[in-house]
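Residue numbers (this note's numbering), protein chains in the order written: chain A, 1 to 339; chain B, 1 to 320; chain C, 1 to 677; chain D, 1 to 153.
Think of the hints as simulated: they come from the structure by calculation, not from any bench.
Just so you know, even glycine gets a beta-carbon here, dropped at the ideal spot from N, CA and C.
Check before you lean on any hint, since a few could be wrong.
[Stated by the list, open to error] Short, incomplete list of chain C residues facing chain B, as computed with Cβ under 8 Å: (1) Lys358; (2) Ser472; (3) Ser476; (4) Leu629.
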Amino acid sequence: MTGNGKPKLAMYWASSCGGCEISVLNIHENILTVDEVFDIVFFPCIADFKIKDLESYPDGHIDICLFNGAIRNSENEEMAHLLRQKSKVLVAFGSCAYEGCIPALSNLTTKEATFNKVYIDNPSIDNPEGIFPQLVTTVEEGDLTLPNFYHTVKSLDQVVDVDYYVPGCPPEPHQIWAVLQVVVGALTEGLPLPPAGAIIGAGTTALCEECSREKKEKTIKRFYRPYEIQPDPDQCLLEQGIVCLGIATRDGCGALCPSVGIGCRGCYGPPDGIKDQGAKMLSAIASVLDVGDESMEEDELEELIQEAVDTIADPAGTFYRFSMAHSILKRVKNGKGAA
Amino acid sequence: MKYGYYPGCSMEKNARAYHTSTLAVTKPLGIDLVEIDDWNCCGATEYIAINKIPAYALVSRNLALAADQNGSTNLVAPCSACYLNLKKVDHYLHEDPGLKEKVDIALDAGGLKYVPGSINVQHLLETLYIDIGLEAIKDKVKKPLYSLRVAPYYGCLVPRPGNMDSFDDPEHPTSMDKILEVLGATVIDYPLKAQCCGGHMTQISEETALELIRRLLKNAEDNGADMIATLCPMCQLNLDAYQDAVNTHFGTKFKMPIVYFTQLMGLAFDVPINELGFGKEIVSAKPALKKITDEAPKPKRTRERGKKAGLPMPIMAEEG
Amino acid sequence: MTDMKKSPENQEKVGVYVCHCGTNIAGTIDVEDVAKWAENNPNVEVSRTYEFMCSSTGQELIENDIKEKGLTRIVVASCSPHMHEKTFREATERAGLNPFFFEMANIREHGSWATNDKNAATIKAKALVNGAVERVVHHTPLEKIPVSINPNTLIVGGGIAGITAALELAEAGHHVYLVEREGTIGGHMAQIDKTFPTLDCSACILTPKMVDVGQNDNISLLTYSEVESVEGYIGNFNITVKKKARCVIEELCTSCGICEEKCPQKVIDEDYGAGLGYRKTIYRAFPQAVPGYPVLDKENCTYFQTGKCKICEKECPTNAIDYEQQDEMINFNVGNIILATGYDLFDAREIPQYGYGKLSNVFSSLEFERMVNASGPTEGHIVLRDGVTHPESVAIVHCVGSRDQNHNEYCSKVCCMYSLKFAHLVHEHMPGAEVYNFYIDMRTPGKGYEEFYNRLLKEGTHFIRGRVAEISNAASHPGEEGKIIVQAENTLLGLQQRTPVDMVILSSGIQARHDAEDVSKLFKMGCDYDGFFNERHPKLAPVSTMTDGIFIAGACQGPKDIPDTVAQGGAAASQVAKLISQGTVMMEPVRASVREDECSGCRVCNTMCPYNAIEFDEEKEVSRVITALCQGCGTCVAACPSSVIDGAHFTNTQIYAELNGILWDVQGEVSAKQEVI
Amino acid sequence: MSDQYEPVIVGFLCNWCSYRAADLAGTARIKYAPNLRPIRVMCSGRVDPQFVLQALRSGADGVLIAGCHPGECHYVNGNIKALRRFSLLKNTMKQWGIEDERVQLLWASASEGTVLAAAVNRMTEEVRALGPLRWGEKVLKDNGAAQAVLQEA
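Here chain A stands alone, though its shape is the one from the complex:
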């Protein structure tokens, strides 16, 4: 607890890959400004902090906490509650905290299936007795405990109240810097903060806004996986039959992936006013599938269309790659589902 009066910054890493931290460091020399402006009070990834340090802070001690990572287990949840309690402003930082991201893809299967995959079926695993991690393991020295692995991966706002969201997997450095500036402005010059619950560090409309590719009327006969096709450098990828989630994804990243010929993955989440990014994407994509017309026999029609939609492998995984935890259904029905 330093008394230097600088606003206090915390960043925590729950269920995620750590890309968010790297992305923060990616703001280059600005990181010095961050260090100048902020008093970093909890940031396990870059400096040695212990939970007891955190617990020792008075409530609301932290001015802004960037929380990245999804809620996969009981430890993640405990930390979420703790940081919420200690922070004035809690930011769901990055796609995992915001809407579940890759970890939440496991909501498409069951905890059991996941465990079997990881501890039994995995070729690099040698586990003949089929031992799974235990919540509690008693050894001479006493009980060892592990966090409880939940059935469903959740986003941060599904366990605690969140003030702001910064989307992206990871958030783009320039956006991070913009966000920090806003906060700094608010803390130092008393500038207004964005309304609570706002999505900051991103645009409001869909990515096509930022995408420089030429867009025409869309008439798609089938879809291709990236390796199946050499995309035209200037034309809209979707029109070429490459699944690009840009049409249903919030802008702000500068359309990085499409600019290098890779369809947008959708990591910035849906633009304003969309309940379910995957469903919306699904709807749009199916709509522009230009196969079958009203003159055909019903069976023939259904067959043709089925053929065409079958060219999209793993639709759920594709359309919900990042937004699973925020999707309408959130997870697979018990037992059944893709496994």
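Knowing the structure of chain A, use the given hints to seat chains B, C and D on it.
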């Protein structure tokens, strides 16, 4: 392709010509007919009428054997009566569980069992027309039967109305017409082509049978047929063997050869004539066969103008 | 949903009115319970039941509550919105609310009438009412869209239906474009000799009307023409018509007929002449044809085939022949369209066992019409195909292609009557000839029809009740030699009956035009299973279609005799006249609109609209809906991946609200935080 | 109503064909399963897959989308677009573990009251056979019991 083959009682006897010609033409068309081992009589047209359960059991046995042997789910019967019986029984067993129960007991006694619907019963005509198709048949034609005026005769069993998923129009069948057409023959369209030949009436009430036969022969002749092509041993026998009786009874002078459509296919395929069983017919087909020309006959005008002051006939669909 | 309860609309004051509809609803649904239960909804201010909400007192109930209780939204739970939505919207409006602040719950057609299970019906009714309440609070005020009606009208088809409609409108002072595929108007009626049951000569009553059409300045007659494209919507359709080259310059032609007289080439007249007579290759279908200009038949014209002849050109006194004439595209605007495209006759060749085309003395009904027609190829003499012999016996076969599972299952309505007419004509022309009518059932509904049947019974026609199995020349005994034998089971005697005759007439049924489906697509309206055009309502809107501004008349809607056809022609005309005199129509404001500032310009919606109502602004790189063209289907709304297209009156918010409303009893709603993981 | 479990099926009916088909079924007093809860949309092409998911999320056991027969759509081909979305949605649903019978697409013209009624009866039985879905409580709330100790995994 492999097909189960149910010759029935007549094929190797009075209908030898049908049998041999069938084997002779199916081979080049890639149809591999495998005779059902240890088959029995189909009960013909009478037995079912007299004593149902045994009759059904009798037929079911053949179905069971077919299902049991040679791996093909298709069973071909060239005889119309055999065909209809097999198909009918398969259908009834499927529709009527009560009946199936009884029949199963009979089959079981013989260590057999049959799942209705597991065998697809086909008449030879169906196999050729549907499975093989006109194109394939056309490809095999080496000596077209130009100028031979043939009246296709279907009899009453194959196109029988209500025959489950019949492969041709029961009221106006045309499958044999189309096959004869691709053979190059001139097909005679005549109204009685699907009417009764008298069947076993010849044994029960000859009078009736002869009248039915006479009508058929006359109608074919009036429409200018050189010969009649049949697909059923019974029909062939009645029209051929009783022609003499008809002539004496009605004082007519019919000399209408009655052959099997497979014999004509054989001719067109240029199969050696001795493999086709010609000469077994009572009214010789030879004179008629002489009419075959190397050149296709001139197509008659698409639209017959009435004579002077006459009124034009309607254009026929396929022409107009 | 929780987020919706937060919304300010929550303060709306909703009035709920549950209708008894006598016992129609109250008999199955506990309306009192539903009304009481509805009060629990925080949005509901008053909830009542009433005997008949659609009655004037029922409507006043709503109006008073709005005025006295300051209701802001209205829900009526009664019949289908297709029945009374309009009624209650008007009531709502009368009391000063926007009519679209009303929502209907269909608890009769979809509720009380669909089940006997009272409990289930009541639960369902609650769901539907709740859905309507939740939905209506999210309704926004909408204004109907006024569309001005172009007073011109397009009529497609110059048969008696089209002619009637055209004259009705033209005489009312409105301009009409009458488009006819053939060279002359007149249609099937012009081919017919006499009309049942009155037996007045078809031509005598038809041709004067045809002449009127030709002479009426308000009618632009486009014969030998077909509609190529139809764009737009009620009040303002843009029509393109292809005027096929008839190789005759209409301005110069005096219809003197010399070209036709001198033309050396004779062909069988398949269309007007039903294939029974002959015509020249430059010809008028019949002398009274309107317009009188001939048509040159390029397929058969010696000049077009061989490059030689040109006799017509040489003979024409006014140099009206132009072999180089090209098809011409004509474009014009109309406010309404009447389709009167008529019917095709069932082709008897489809029933080979009836021998048509094979047995020379089997005739189609149309052939016979031409034959008995004094101006026909035989000058009205009834003869066999040889053109000279008079038949001594004639069989008339009803229901050819009709009431037949293999062909058309429906009854063609006119065949019985015209078959009776045929029988009468045979008796009249050839007393002593035997006439046999083979019928399934005798159907003679209509003024004077049954009497006509009785008259035929007296005239000595043999009526045999039985469907004909086959018609052949296969004699089974000497008495049948040289005859045509009609085989049928006489179902009254229960006997198979073979009837040898000299002549057979096949009374073919009425079918939809072979290209009816293309036409219905061209005009963006529906066809039924048999290919006849769909009316808006089988009883209450027989000449309207689901597409505003497009009407149908005559046999294109289903089999009809001349009186019905004429009546429909008139009805369609009056429908159009009504719209023209209104000047403008108010269109449902159910329309899509793009929130352009939020549109990313992805162009997904661009291909969605069947009416091309979505345009892309290359400048701003956003898509835009042209309201006038939008029909409000909402396909683009569902497609828009960033939800920036709003479908007025069917917004996402409204549908989600209704959805969660009707699922009131199964929600089991748990906020994300309560969800156990 | 008997004690047997009564599925709740949400029906998105198009204004021109299937909604009128349901009207006709009623007018003709055809009795069919009261389990369908209709929502009127102008065209089956208006049905946003989000609606289907939300319906299931909000407790429906099944969703029926009904439109005009292909070629008969009042809006020319809105139903074709519905079919395209439906086909892709079904592929996706499979991955969510949602049985095909729970989300169905039906063509019913305004004159096919019987068709609609029959379809609703059939679907009701199919869904009844599958048992309740009730996503909120059954899938999300007691989803494999949170306190499940890892041994069970």
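Results of checking the hints against the structure:
no., hint, result
1, Lys358, "7 Å, holds"
2, Ser472, "3 Å, holds"
3, Ser476, "5 Å, holds"
4, Leu629, "43 Å, violated"
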